[in-house]
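Taking the hints into account, I'd like the entire structure generated from these sequences.
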Amino acid sequence: MNKVQSLLQAYKRNWSLERDFYANKEVFDAEIEHVWKKSWLFAGFDCEIPETGDYFLFTMLDQSIIIIRGDDGDVYAHHNSCRHRGSAICLEERGHEDKLKCPYHNWVYEKNGRLRNARLMPDDFDKSHFGLHPVHVSLIEGAIFICLADDPPDFSKETRELSPYLHPYNLHHAKVAYRERYELDANWKLIGENFRECYHCGPVHIEYCSVVVGANLVEDREAVVQDSMEIWKRNGLAVETIENENGSSHYATRYPLRPGMESYTLDGKPAAPLMGEHLHYDSGVVGLINYPNFWMDGVSDYIWAMRITPIDALHAAVDLTWLVNGAAEEGVDYDIERLTEFWKITGEQDWHLCENNQKGILSSKYEPGPLAPSEADVVNFHWWYLDKLRQGVKKS
Amino acid sequence: MNKVQSLLQAYKRNWSLERDFYANKEVFDAEIEHVWKKSWLFAGFDCEIPETGDYFLFTMLDQSIIIIRGDDGDVYAHHNSCRHRGSAICLEERGHEDKLKCPYHNWVYEKNGRLRNARLMPDDFDKSHFGLHPVHVSLIEGAIFICLADDPPDFSKETRELSPYLHPYNLHHAKVAYRERYELDANWKLIGENFRECYHCGPVHIEYCSVVVGANLVEDREAVVQDSMEIWKRNGLAVETIENENGSSHYATRYPLRPGMESYTLDGKPAAPLMGEHLHYDSGVVGLINYPNFWMDGVSDYIWAMRITPIDALHAAVDLTWLVNGAAEEGVDYDIERLTEFWKITGEQDWHLCENNQKGILSSKYEPGPLAPSEADVVNFHWWYLDKLRQGVKKS
Amino acid sequence: MNKVQSLLQAYKRNWSLERDFYANKEVFDAEIEHVWKKSWLFAGFDCEIPETGDYFLFTMLDQSIIIIRGDDGDVYAHHNSCRHRGSAICLEERGHEDKLKCPYHNWVYEKNGRLRNARLMPDDFDKSHFGLHPVHVSLIEGAIFICLADDPPDFSKETRELSPYLHPYNLHHAKVAYRERYELDANWKLIGENFRECYHCGPVHIEYCSVVVGANLVEDREAVVQDSMEIWKRNGLAVETIENENGSSHYATRYPLRPGMESYTLDGKPAAPLMGEHLHYDSGVVGLINYPNFWMDGVSDYIWAMRITPIDALHAAVDLTWLVNGAAEEGVDYDIERLTEFWKITGEQDWHLCENNQKGILSSKYEPGPLAPSEADVVNFHWWYLDKLRQGVKKS
Chain A
139 MNKVQSLLQA
149 YKRNWSLERD
159 FYANKEVFDA
169 EIEHVWKKSW
179 LFAGFDCEIP
189 ETGDYFLFTM
199 LDQSIIIIRG
209 DDGDVYAHHN
219 SCRHRGSAIC
229 LEERGHEDKL
239 KCPYHNWVYE
249 KNGRLRNARL
259 MPDDFDKSHF
269 GLHPVHVSLI
279 EGAIFICLAD
289 DPPDFSKETR
299 ELSPYLHPYN
309 LHHAKVAYRE
319 RYELDANWKL
329 IGENFRECYH
339 CGPVHIEYCS
349 VVVGANLVED
359 REAVVQDSME
369 IWKRNGLAVE
379 TIENENGSSH
389 YATRYPLRPG
399 MESYTLDGKP
409 AAPLMGEHLH
419 YDSGVVGLIN
429 YPNFWMDGVS
439 DYIWAMRITP
449 IDALHAAVDL
459 TWLVNGAAEE
469 GVDYDIERLT
479 EFWKITGEQD
489 WHLCENNQKG
499 ILSSKYEPGP
509 LAPSEADVVN
519 FHWWYLDKLR
529 QGVKKS
Chain B
139 MNKVQSLLQA
149 YKRNWSLERD
159 FYANKEVFDA
169 EIEHVWKKSW
179 LFAGFDCEIP
189 ETGDYFLFTM
199 LDQSIIIIRG
209 DDGDVYAHHN
219 SCRHRGSAIC
229 LEERGHEDKL
239 KCPYHNWVYE
249 KNGRLRNARL
259 MPDDFDKSHF
269 GLHPVHVSLI
279 EGAIFICLAD
289 DPPDFSKETR
299 ELSPYLHPYN
309 LHHAKVAYRE
319 RYELDANWKL
329 IGENFRECYH
339 CGPVHIEYCS
349 VVVGANLVED
359 REAVVQDSME
369 IWKRNGLAVE
379 TIENENGSSH
389 YATRYPLRPG
399 MESYTLDGKP
409 AAPLMGEHLH
419 YDSGVVGLIN
429 YPNFWMDGVS
439 DYIWAMRITP
449 IDALHAAVDL
459 TWLVNGAAEE
469 GVDYDIERLT
479 EFWKITGEQD
489 WHLCENNQKG
499 ILSSKYEPGP
509 LAPSEADVVN
519 FHWWYLDKLR
529 QGVKKS
Chain C
139 MNKVQSLLQA
149 YKRNWSLERD
159 FYANKEVFDA
169 EIEHVWKKSW
179 LFAGFDCEIP
189 ETGDYFLFTM
199 LDQSIIIIRG
209 DDGDVYAHHN
219 SCRHRGSAIC
229 LEERGHEDKL
239 KCPYHNWVYE
249 KNGRLRNARL
259 MPDDFDKSHF
269 GLHPVHVSLI
279 EGAIFICLAD
289 DPPDFSKETR
299 ELSPYLHPYN
309 LHHAKVAYRE
319 RYELDANWKL
329 IGENFRECYH
339 CGPVHIEYCS
349 VVVGANLVED
359 REAVVQDSME
369 IWKRNGLAVE
379 TIENENGSSH
389 YATRYPLRPG
399 MESYTLDGKP
409 AAPLMGEHLH
419 YDSGVVGLIN
429 YPNFWMDGVS
439 DYIWAMRITP
449 IDALHAAVDL
459 TWLVNGAAEE
469 GVDYDIERLT
479 EFWKITGEQD
489 WHLCENNQKG
499 ILSSKYEPGP
509 LAPSEADVVN
519 FHWWYLDKLR
529 QGVKKS
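Protein chains in written order, with my numbering: chain A, 139 to 534; chain B, 139 to 534; chain C, 139 to 534.
Because the hints were derived from the structure by calculation, they are not lab data. Treat the hints loosely; a few may be bogus.
Since the list can't tell identical chains apart, any single copy or any two copies may satisfy a pair.
[As the list claims (entries may be wrong)] Derived DSS-like pairs (lysine-lysine); straight-line CA-CA distance at most 30 angstroms: (1) K295 / K533; (2) K407 / K175; (3) K141 / K532; (4) K239 / K503; (5) K503 / K265; (6) K533 / K407; (7) K532 / K176; (8) K533 / K141; (9) K239 / K150; (10) K482 / K407; (11) K313 / K239; (12) K503 / K237; (13) K176 / K141; (14) K163 / K176; (15) K482 / K239; (16) K176 / K503.
Right under this line is the structure:
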């Protein structure tokens, strides 16, 4: 029995995980192989590549994936590695290319990955065998997910259940207002755990709690929920919580802001024009998750999306994107500072918590500790993760 | 037989050690486990935390230890890792806390480590099982030593034999005048070896030799020693050298400055008021060692203490502390520049030697070389180290 | 069968190598052991150390080698590690020393490596056993090659066949006009491959192709070659191409610049006075290689030499040296900017190609791709490398 298997066996439900899950290279390599490379990963939004030939790179460890809008308007994903001697083809994080031309010897590929031209190769060279290696792509209302596995898991339930929450935002015509990247001294799961419980919100997230009723786990928000539910139903908004349980990867919910508050801002007032089909600043907060790397909070006027990427056992990156109505104009309809300060403040509080958590877990005396009842969703996150890992280890 | 065991067998007395002792990760891991985690380590001085609630962190590799003055005036040491989900509790290198409150979910511990409060946990949660993991503490006249082992080795002989040398300094009421940290590209043992021989002093330490008679191994200092011995005995100062031999970890001695010199300064004149019970600037130099990480030189007016901490096989840190009389006032009674320049100059000469030594040892043609007769204490240092390692490897 | 052996077996001629050859630590360690430590390595030029006692360091990984001009005028090479406790002896990259004195305890060595003095050692200490460990040295017309093996391979054929190309430059009296070092995020073999084919020259090296006829693989240069050959033969210059084949390590050739062009410069006009025995700016380009680390291009007025050094599986350094006539005076006879811009531009294009190549090879979907006919010398480079590796692995 190897390290991963014995760790899986030692797992105690409702307790934090053993240190090796947060620090060991063997475990990290196993989870990249069995969890990350076999799950649907959030890459970005299709509004980031509106035109044919627009592309961006999704990078995870040494894997670089070109996400490009094809001639047919579809989104394609390819491994960024020429079939000749392997050179990276797209060198910029974002750009526009009519053809995908390798910068080394100028082999030329179509946007759909087909090899179009390989100069000075022999006459009998069969180009049809040397297209770019494809990556699976799936869109949920404009949110782009990719899967590096040859046979990706079924994604229809996730698509079906997350769509109603995303649809009103009209993501295809949204606009990226701001991006920020943080590299944290913390295992990626510590970030996932942090965003699955509000046990820490009361003591830490003063700003968040001042806008979100009940986030401190002390206030009774039942009446507010009932009132809001009436409004949301009347407006045709999705309200049924999709629980993350039994090893499922996704979660969706809608919850109310504090009465009188209209957006995720320090003063609760809107920060931007309404997005998509929203008619009023009263749709509360849409909270979506798809493990392992997609976290999204949407209010009536903007979306804050978090993409987690593992770096190594001790480090992970979070890429944050703020989306607004595609017709909104910066400096006129919204102010970047005002739009982003709420999640910059709240996010940075969390990054520090995650990094402190990592530090203490490295202590030789660290051992799993008992979770509080309010951390039940951390247990669900563990369940999904451990299940994926267990399945992968069993097969390999 | 593993690498460490075969290296231990290949050891030749009176020769420098094989390269792997200074460069190999397997050896390094073994010595952390069997030498560093099972020895008493110098952490700092109790005058650094005079008040109840004052604390500082001792950090070695991933281990962070809180050293704190308790309500009862005793010094406590705890692993800096919350028993809930493991977060680090104290985040600053030095500070003052009335309670030890975890920044993540606000579990609250007493200074003695007892869990006082864990909010929102179930009624049947038994706090008595979740105190901070303790670390053993032992004080020698105000010098704080800790041991990470569950069953620390006996420390009474070291305490008994080092105390007489420390007592006259009245450490409890001393004051940290200055601190400096250097991170060296050198294995920690190269620093230890460097500080166990004066074979290099003549060619390298011009300033040191100008103040310390005989340090160049050429001058005859017998008469000076005899004269000084008379004075020291008359003043009731400890004079009996405690040899470091047969695998013991400690060493203590008193030796004279050059006649007319009164302190470790470039001109031999005092740099600060007399410390503790000293009545004159005539107590020579007190040299103390406790392996693996405590080196201290004291003159009548100040103490220079060195704490070594391993970083990896190729790197180590030295933390230097200058102590003076607790009543002395900076800028009035002493000048930082003047107080520190002697050991900054001498120390930096040594850091370069250690780093050059490491570089050359990495050569594929390096092999142990013959030690000079004046390097006998390097052999004693090797003895202690190899003995600890041998015992640990045998048990494991 | 270990990883290296199975990789060697999987090799397909005329295809790029498997990813592990460019990324795996085990393969890297094997090639350091069997390729780099058993081949003749280019270190520098003897005109860099004209006077007795002049030295420079050749550094590869942790190996530091002192290359020094001895009392007898010969060039010596020694491991830079004192035989006492192993300290590095020479600390500067270049310098002049009358004796090699260890900075730690002042053991003193002659330039030829003999231990001359070891202070305070016992009377029966036999200095004759403790000379510096020697490294084999071989000069080809002033180009210094060293070999770290105890029994270096025969180097007479390489010496015999490269000499006629180097002789006219009179290297002993040449002068280093400029040096530049680049550290690349690329395996060293990617640099070697890049410099063994001009398949990429047309699309990438605009400046190079404007000076070198036929470099774009499209132009017919046969007539120019014929005309040039007449001139070169008349001038007594070596013209016979020494092919790199059947696992040989060296290659030499002379090829013409575009008619009217006289030097490797952006405008094709000379950049410096003629070197050595050259009488006109009409000697074309001398291209020399000796695997694994020597690449040199010489025109009538200057030499551009490249020394490759591995850093790890993913990184390598290139040290570039521009040599001119020893009598030429900077600012008067040549301008540094003008002398170096051609190869700075062309080199930097290549460094980017190599780094992009490395990036894409790390893709999990990378697999060896088919080489073009114009990449035949890349295959020869692979042959030499794989042969060396195969021999080494077999013996070990």
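Any hints from earlier that this structure breaks? Give me their numbers in increasing order, please.
2 and 6
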